[in-house]
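Chain C is fixed; fit chain Y onto it per the hints.
Heads up: the sequence lines are chains C and Y, in that order. Here our numbering is used: the first residue of the first sequence is 53, the next is one more, and so on. Here our numbering is used: the first residue of the second sequence is 52, the next is one more, and so on.
Any given hint could turn out to be false.
Selected chain Y positions facing chain C (in silico; Cβ < 7 angstroms) [said to hold, decoys possible]: (1) Ser88; (2) Glu116; (3) Ala240; (4) Gly244.
Derived from the structure by calculation, the hints contain no laboratory data. For glycine and all other residues, C-beta sits at the position ideal for the given N, C-alpha and C.
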Amino acid sequence: MTAKNKTTVKTTTCYMCACRCGINVHLQDGRLRYIEGNPDHPVNKGVLCAKGSAGIMQHYSPARLTTPLKRVGPRGSGEFEEISWEEAMEIATGKLRAVREKDPKRLAFFTGRDQSQALTGWFSAKFGTHNYAAHGGFCSVNMAAAGLYTIGGSFWEFGEPDWHKTKYFMMFGVAEDHDSNPIKKGISTIKLRKGTKYVSVNPVQSGYAAIADEWLGIRPGTDGLFIGAIIAQLLKAEKIDWDFLIRYTNSPWLVIDNPGAANNGLFARDGEGNPLCYDQKFENIKTLQVGKSKPALVGDYKLDDGTKVVPAFYYIIQEFLGEKYDTEEVSKRTGIVAFDIERIAAELAEAAFADEENLNIPWTDSYGNKHKKTVVRPVSFHAMRGIAAHKNGFETCRMLHLLQMLLGAIDRPGSFRYKPPFPRPTPPHKKMAKQAAEPNGSLSLEPLGFPAGPEDLAVDEKGEPTRLDKAFSWEYPLAIHGMMHMVLHNAWAGDPYKIDVLMMYMANMAWNSSMNVGNAVKYMTDKDPETGDYKIPYIIYSDAFYSETVPYADLILPDTTYLERWDAISMLDRPIGTAEAAADSIRQPVVEPDRNVRPFQDVVLDLGARLGLPGMVDDKGEPLYPGGYSDYLTQHERAPGVGPLSGWRGEDGLSHGKGAPNKSQLNKYIENGCFWEFELDEGEQYNRFANKAYLETATKMGWIGAPEPIVLNVYNEMLQKFHLAAEGHGENVPPEHARERIRKYFNPVPTWYPVQEQVDSNSKEYPITALTQRPPHMYHSWGGQNAWLRQITAQNYLYVNSRWAKRRNIGDLDWVWVKSPHGEVKVQAKYMDGLNEGTVWTWNAIGKRRGAWALDENSPEFKKAFLLNHVISENLRTDTGEIRSNSDPVTGQGAWFDTRVKVERAEVQKKGQTSPLLDPVKFYNKFDRPVVMNYGFKKEMPFEQEERSLGTKKKGAK
Amino acid sequence: MTCLPDKTDKKLGLLIDLNVCVGCHACAVNCKEWNTSSITGPMEDIKPYGDDPSGVWYNRIHSYEFKKEKEADRTVYFPKSCLHCDDAPCVTVCPTGASLKRSEDGIVLVNPDVCIGCKLCSWACPYGAREYDTSAGVMQKCTLCVDKIYDKNIPQERRVPSCVSTCPAGARHFGDFADPKSNVSILAAENDGRDLFSEMKTKPVNKYLPPRKRERHEDRRLTPKVSTVKDALVKWAKLDFSG
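The shape of chain C in the complex, shown without the other chains (with noise of 0.2 angstroms):
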């Protein structure tokens, strides 16, 4: 190659989606020529994905914004002045100023698709806030939350499948997009490899469930019945774990059965705090000593003093060996055929105790029990929003858990493997502030954490939220990733009060990130009648382009590409370790940015200096990271040695987890590819929950806070303590009108409810369950204004299944209505076989609002395409008449998956386009839109091998 067209390659960490995958970038006279995957990077090991392959044009996007931008139109016209940075950092320090000097909390700060929440986070503490979060209250919270709080880790970040020892694989309703490249590559090295099987249980035959070994379409939100009867054969055969379940879960523990009082279906107790068993050995109750007690899992027992207790295990018999769970039953409602439960329940037996060499590891349990060998147990499970997303979510996503504890599927050879820094105990350690601060003041604790009983709830002195979105209050308690999704409809109804300040990163709240769009829009721009002032007075927004939400904000804080800025994936955020080994990596900036854009990153340190918060100031009030967020990232401490990046730490830069700052981290961190991964050793990767030596290094690097074993919980004795208060227990007792609630959703044993819309008064009018998922080759709307992108998918269909649409004269590519309670949509639907026929589905925002995304008004993504939102509502009206969030009662996640519809051919056939069309916002026009658009590098002929050239192998005409 010349001189001239010499390409140069950089590394950095994709960000076209959640999944973090590390990138080799190619650039050429400063431009981008290629984007591939990083080959070393534990993440993707060199595979990509299409979002990712097209970056090129997400970074030359013409809907990027160029530079900070005042309103000057009514909310929603797109009128705006465009100012300097200057100018801008003082309107947003004015409005934060005067807030933080009144009352904190009236400041909430939401930030989506935020991939620096160890920073905004803490930002949000110092500047008094806790009315923060991301977007995992509607995206994905039952997951995380059931397994945190009952094995001490869950899905994706959190653990993986042993993909290379697993027998039997069973992924429940997992987007196509979700963590996306690691699950191609197992699932494709699973099928590749002969005897192991791979089923899927999805409503949608399609990406992953589509090369399935065997298919399974579920109806929606009845994944915990499934779940539950497969549990009741394998309880019914004794296909039970029953090892596992005494030394590792808290099934033998006692459990005060005194129905009535204060401690009933707590754990008894010896003097010190331990836990109790049966033994069976000594026929009396002893202190659980696991390895040496031979504990009793039924039967009933007194303690010395008369106290009826029964072992933990004897309620999980209670639940699942009742009619409940009957495999003809739980096939009537989720229409799989019980034939095929009982087999698929016999299949994962077969698999799970099999004959299998146990591996040669040697280990050694937190008990000081020696094991020669690490059983194998090749059984494995995965799960995402299609089971989390229900009202039932947190349930079923625990049911799961139990399922794989029963099965001693845990960390073990073959089955679901914890990735470091998971474990961690359950329930989770890390507290949340209760309160916002005082004026001026900060907070101790961060905006969000984990309760551990109604003692750690965010309410007031009446049991009524301190929080804007009513996360941690007593009508969502483990709402432990917040409630986006309610926070625009609460600072409109000014419920539970009102807020002066709403400001957002990277969340389109205005469009496919709002249940129910038109009152999204509605909230933002009403106004009070007295002021006449917005009922959300102020909307500061930071993004890279120009979205649905843009045109409602009153300040733009425009952000980089991905490419442009320095970031961190923090193992105190959401790390990308795997199995074997904890990594964290980070963001280089590869082009400098051509606009008048900042990193938000960068912005949030500068407002934190310039309002003189602690942490981001010193002494003298001078700022303490001046550099910005790469300053941030080696030399900000969350507590002593322990920073942001966990790699090359001390000033020698020596040290992993723990250590002194180091300047020069970052340029260790490119010098190995934008990663760091610390490998462990083969005795530390199985039975972390109870490794010693692992439980010793995880506290070395400082994952945990000491190397206690992490017991599994078979039995919640938290979820019973809010039940308790629930009963009038205690010095924390839920409101009257909160009672019921959590009387009836917080139970120490998982169980299966129908949601409200499977039978309330509207179900048999509304008898299809509508679902969306993401494409796998688009993020949200970020991925449907891609040039190349949009080209594969422009406009999203409405999917019916062929023989039920057929039935109902609907024809293939006919215009239908989808009608909810809440709402109607016309649509274009397509026949598909592989779907469960009460079922409809689409892709997630292709739709999008005229006029923005840079798209030209005759796309097809604003006429055609269409937002299933406009049917979903984030608030419910049960047959009591009572108004309820549309969210899961224990964790708050928004149920997007329980909505109902009906199906109707439209009337009108022909210039089929959808409906509601809402008004277009101000169209932007700030770059160059080729109608014919030709990226790229000519590339001369091939290298030095002049014989290779075209021409020379040219034959000619005859």
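Just chain Y now, with coordinates in the frame of chain C:
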């Protein structure tokens, strides 16, 4: 018209495993970004931000559903690009010699300097694997990333077409079908590698592995040892739970 070589030293091509393809479009997009800056690029995009956006793609993914008797419905994804046929009708039909098959490795290419954009080759190709570029007025197609697979600046193990190096599902393999010991020849032999439209007698080099027989559904169920809560409480009181 243009001659084909009597024989090629190598038969470089792709083996595409439909048994594991999840239809994610990674191959198509990574192909696009590599090749828009390749010897045959740029690959135009028409109305990239307008109605009916379209463009030149060397690789496109189709999806189908089918049902066999006694089997459940299946969804199958089918990535399609030039098959680099031994008897390539797109070459023999070419009036200028622009469309050519290389004797050393069998790669079918279009020389843009000689192509007159007559489109005869796209009519001749039974697979629809040719892509006309209106900007340049020439035909384009898959080059097997000829400027990547021989580039000595690239580490040896990455010298494969971009669709292969990027495929997350491991559904794409690259190699020499003339060598019976090559990875692709062995995979094709072991897994019923098929020619696409063999009746067209184009002798495609690329092979497809069809969706394979799935892990069997055994007729089996567990034998209950207890069936009620009461049973369990009695029987399990006597069990020894230690492993």
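Here's how the hints hold up against the structure:
Annotation: interface hint on Ser88 (chain Y) holds; nearest CB of chain C at approximately 4 angstroms, less than 7 angstroms. Given hint, Glu116 (chain Y) at the interface with chain C, holds; its Cβ is 5 angstroms from that chain's nearest Cβ, closer than 7 angstroms. For the restraint placing Ala240 (chain Y) at the interface with chain C, the shortest Cβ-Cβ distance is roughly 16 angstroms, beyond the 7 angstroms limit, so the hint is violated. For Gly244 (chain Y), the interface hint is violated, since its Cβ never comes within 7 angstroms of a Cβ in chain C; the closest pair sits about 15 angstroms apart.
This entry does not satisfy hints 3, 4, going by the numbered hints stated previously.
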